[in-house]
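Undergrad: Residue numbers for the sequence shown follow our numbering, beginning at 2 and rising by one.
To be clear, the hints were calculated from the coordinates, so they are not data collected in a lab.
The reader is advised that the hints may include incorrect statements.
Cβ pair distances, simulated, as ranges [unchecked claim]: (1) 64 <-> 143: 43 to 51 Å; (2) 224 <-> 76: 36 to 44 Å; (3) 192 <-> 243: 41 to 49 Å; (4) 202 <-> 16: 47 to 55 Å; (5) 128 <-> 61: 15 to 23 Å.
Glycine is no exception: its CB is placed at the ideal position from the N, C-alpha and C atoms.
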Amino acid sequence: MASIPGAFKPAKRSAGAIIGIWLLRLFLIAQAVIVLYPLIWNVLASLKTNQEVLESPWTLPSSLQWGNFVAAFTSARMGDYMLNSVLVVILSMAILLVAAVPTAYVLGRMRFFGRGFLTNLYMAGLFIGGVYIVVPLFIMMNELGMLDNRFWLSAVYAGGILPFSVYLLTGFMKAIPHDYEEAAMIDGCGYFGTLFRIIMPMARPGITTVIIFAFFDFWNEYVLASTLIASDAKKTIPVGLSNLMQIQKFATDWGSLFAGLVIVLVPTVFIYVLLQKRLTQGMMMGGVKG
Numbered sequence: 002m003a004s005i006p007g008a009f010k011p012a013k014r015s016a017g018a019i020i021g022i023w024l025l026r027l028f029l030i031a032q033a034v035i036v037l038y039p040l041i042w043n044v045l046a047s048l049k050t051n052q053e054v055l056e057s058p059w060t061l062p063s064s065l066q067w068g069n070f071v072a073a074f075t076s077a078r079m080g081d082y083m084l085n086s087v088l089v090v091i092l093s094m095a096i097l098l099v100a101a102v103p104t105a106y107v108l109g110r111m112r113f114f115g116r117g118f119l120t121n122l123y124m125a126g127l128f129i130g131g132v133y134i135v136v137p138l139f140i141m142m143n144e145l146g147m148l149d150n151r152f153w154l155s156a157v158y159a160g161g162i163l164p165f166s167v168y169l170l171t172g173f174m175k176a177i178p179h180d181y182e183e184a185a186m187i188d189g190c191g192y193f194g195t196l197f198r199i200i201m202p203m204a205r206p207g208i209t210t211v212i213i214f215a216f217f218d219f220w221n222e223y224v225l226a227s228t229l230i231a232s233d234a235k236k237t238i239p240v241g242l243s244n245l246m247q248i249q250k251f252a253t254d255w256g257s258l259f260a261g262l263v264i265v266l267v268p269t270v271f272i273y274v275l276l277q278k279r280l281t282q283g284m285m286m287g288g289v290k291g
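Make a model of the complete structure from these sequences and hints.
TA: This is the structure:
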């Protein structure tokens with residue numbers, strides 16, 4: 002069959018469309034510069050002496066002061082604060098997954114009286130931030146003897162992000178065909194066996210997305226950690242970094258302080274770069290399936 006001349010030629014873009022594309026590119030480049038510049042400046046400042054930070058903050062360091070990172074880990078105790086943050090994040094993540102995954106499974110795949118009320122109750126939790134209830138939360142935990150305890154801090158963290166996690170995972174749970182579940186029941190699996198062997202592997206993108214969001218939230222949280230933890234030996238890294246600047250006052254070791262900021266940033270940047278594709282895929286899948 003003879004081909005139609007010009008049938009497969011791509012349509013030419015108008016001048017207005019080309020200008021719009023270039024304006025969009027320039028906007029995205031400017032936005033990337035605005036985001037990246039403070040990060041790059043922070044890294045450069047962490048490699049300078051105090052004199053260079055104060056007198057020439059916009060220039061490159063004359064020599065790389067790697068000792069600032071050593072001082073941050075030793076004299077500034079960033080290593081201890083980081084260990085506390087890692088412990089709190091792991092505990093918070095474990096509590097969150099134990100609570101969120103079964104809850105999303107029940108709300109997303111089972112029909113029972115009160116299901117709609119419970120779903121709406123969890124959705125209402127999306128509008129309650131931990132910062133807004135920090136005063137009554139402090140009073141309640143003080144009366145129950147839960148203050149200055151990393152486990153209870155982790156439980157508060159997990160409870161704060163639980164509504165969002167349930168909301169996100171419920172969409173994944175609903176979209177899994179019931180045929181898999183019925184086949185597992187026929188093979189002798191109970192509800193927990195079906196959840197762990199069938200549902201959780203198929204909802205892995207959603208669980209991964211929840212873990213990434215939770216890590217960012219737990220690692221960088223400051224207000225609750227500074228309110229609920231009093232002992233310096235139990236403080237997380239954002240609180241320890243803030244206290245370091247307050248203690249040093251006018252004699253601040255700026256090089257070590259910026260090195261501490263870099264230490265805080267490295268895990269979040271590394272995890273985002275490593276898992277950002279899974280994060281975007283998980284959010285898109287959850288939005289479509291919900």
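Undergrad: The structure should be examined with respect to each hint, and the outcome stated for every one.
TA: The hints, checked one at a time:
Judged by the Cβ atoms, the range 43 to 51 Å given for residue 64 and residue 143 holds: they are separated by roughly 50 Å. For residue 224 and residue 76, the Cβ-Cβ distance of about 26 Å falls outside the hinted range of 36 to 44 Å, so the restraint is violated. Taking the beta carbon of each, residue 192 and residue 243 are about 45 Å apart, inside 41 to 49 Å as hinted. For the pair residue 202 and residue 16, the supplied restraint of 47 to 55 Å holds, since their beta-carbon distance comes to about 52 Å.
Separation of residue 128 from residue 61 is about 46 Å and departs from the stated range, judged on CB atoms against 15 to 23 Å.
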